[in-house]
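Asks: Take these sequences, add in the hints, and give me the full structure.
Each chain, written out:
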Amino acid sequence: MKALKSNQSTGEVYIREPLSSRLRKDWKKNKTLYLLFLPVLAYYIVFQYGPMAGLFIAFQNYKPIKGVFGSKWVGLKNFKDFFESYYFWRVLRNTIRISVTNLIFSFPMPIILALLINELRTKHFKKAVQTITYLPHFISLVVIMSMLADLTSRNGAITQFLTHFGFTPTTMLQEQKYFLPLYIISGIWQNIGWNSIIYLSAIVGIDAELYEAAKIDGAGKMRQLFSVTLPCLLPTIIIMFILQMGKMFNVGHEKILLMYNPLTYEVADVINTYVYSQGLVNMNWSYSAAVGMFNSIVSFLLVWGTNKFSKKLSGSSLW
Amino acid sequence: MSEEKNVIIKSKKVRYTVGEQIFHAVNVVICTLLSLAVLLPILNILFGAFSDPYEVMKHNGLFLYPVKPTLYNFSLVFKNPSILTGYLNTLFVVVVGTALNVLLSLIGAYVLSRKDAMLVKVLTLMIVFTMYFQGGIIPSYLVVESLGLINTRWSLILPGAVSTFNMIVMRTAMAQVPDSLPESAMIDGAKHHQVLFLIMTPLCKATVAVIVLYYAVAHWNSWFGAFLYLRDKAKYPLQLILRQILFQDETNSMAAESLALSSEAVKYATIVVATLPILAAYPFLQRYFVKGVMVGAVKG
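Going line by line, the protein sequences match chains L and P. All letters in the first sequence, in the order written, are residues 7 to 325 by our numbering. All letters in the second sequence, in the order written, are residues 517 to 816 by our numbering.
By construction, these hints were calculated from the structure, which means they are not laboratory data. All C-beta atoms in this analysis are idealised placements derived from N, C-alpha and C, irrespective of residue type, glycine included. Any given hint could be a false lead.
[Unchecked claim] If you anchor each label on the Cβ, the simulated ranges turn out as follows:
hint : chain 1 : residue 1 : chain 2 : residue 2 : range
1    : L       : 73        : P       : 587       : 29 to 39 Å
2    : P       : 709       : L       : 72        : 41 to 51 Å
3    : L       : 233       : P       : 600       : 38 to 48 Å
4    : L       : 187       : P       : 577       : 40 to 50 Å
5    : P       : 641       : L       : 26        : 16 to 26 Å
6    : L       : 253       : P       : 695       : 34 to 44 Å
Replies: Next comes the structure, spelled out in structure tokens:
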């Protein structure tokens, strides 16, 4: 290793050893390091790659008594069944509707908040706004969803408040038309502060000289915002956008399971809740694994595609 | 770094134009309203929990202060034995789970930060891949089942034993330690585990604090794992008990008239009891939480 290094620094040409002998040397040198890693490796193999391997039940008619090796192979039947079922369009529509609405309304909010917080002049007020808005991120979903149910019940505070504007009191979570707004608003409420941190730290990192230069050129606050702050924030925004795109098909089941009820299934059932109810409530293991696999593959392609697209377009990418 | 900048800007004695003054006033109003919108529903629960149950039943709108303050609601909460077992179960998972999480994350982060070992690149790729592609709930359930973990507390600990995000945060911190430190220790005859626990861990203790907090909060707040894997009510963690109390209360409260009367206030008190540890610790630990986001952001 030492010899190789000195060769490199003097710029001499040297012949690389074959891979196998380099690996052998590496193993000799780093054996204890790799052995130390074993428990972590075991975790990833069992609990991350294990379920990935387990996806092959999607091509079976898996029966727990027969086991994975005794169950019958059915090829793509489960996928076909899903694409042809009534639920395919329902869960796809709901998933995309929630994701797109989220992208339009929830995604820009933390960026705006970060810009606003950054402009606050009193240090203590700034600190207070940050402390307060970060807080809901740490409250459990169970609690937040029960708060939501309480506030929007027939005589809940929000419902009562809305009656001043001609709203007819009703249990809002039992009405299909309120599901999406409540989902989005509660999401913003919980995450706006926390998600603004990353933008705020990017803003703080912007070189102050850029602002000085802009001021000398006569740029006002607005001009500085559009010509300095936003362009400097763009890489961060793009990275967050890619991550968000990757989640397009992955609307989480935990929140919806706590929020929906038979009256709102029609608009609230998304791919992940469908996977849950088909697999673990109705015990259609293979079918539900197929739906989950469809979701995983589409999600992966989406991250990969957006990443590639943005690399070409702007040079910002995840990898 | 940011504070330095603030000082420079302040010392320059800036003069604001009228437009800027107006913008600033509007900004303060918006931020105040937003803070209120976040804070009021939380205070509502807190004040409701300390209010007289009859008042809570009659009350419309948000509680801005406790009405006829009383601790009665809390006495009812603590009479519920499942709250206490839930608390103990959650404590077990938080303590044991977080200890295992942090141990594995430290090991993983240390190995992945050793760039001179050849296999590290492959291992990193293998691990990062799992952030973008997962087997999903059904195959995960089958894995947990085939290991015989169903209805054991380990089902709440082992399937999430490492969070890839937290481990990468830890690795980023370790990668910033100058190579010369671990190298000179190795030359002095230290083994890898000694370098990890005696040199790297103390050097990165701020980041260790961050991931301890992340893991602990995640364990405290999680309910879905328990909902999937546990059958036995005696093993339910607090959040699952909470879910039963908060969401299925209509059927329960029908049975007991007096309970129905106070159920709203007792619900509030239950939420307070279950969330208090986090809310109490939060103001003191906030800077650690925030630091984690920043470290994680260095390399997404």
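Asks: Checking against the hints above, which ones are violated?
Replies: 1, 3 and 4
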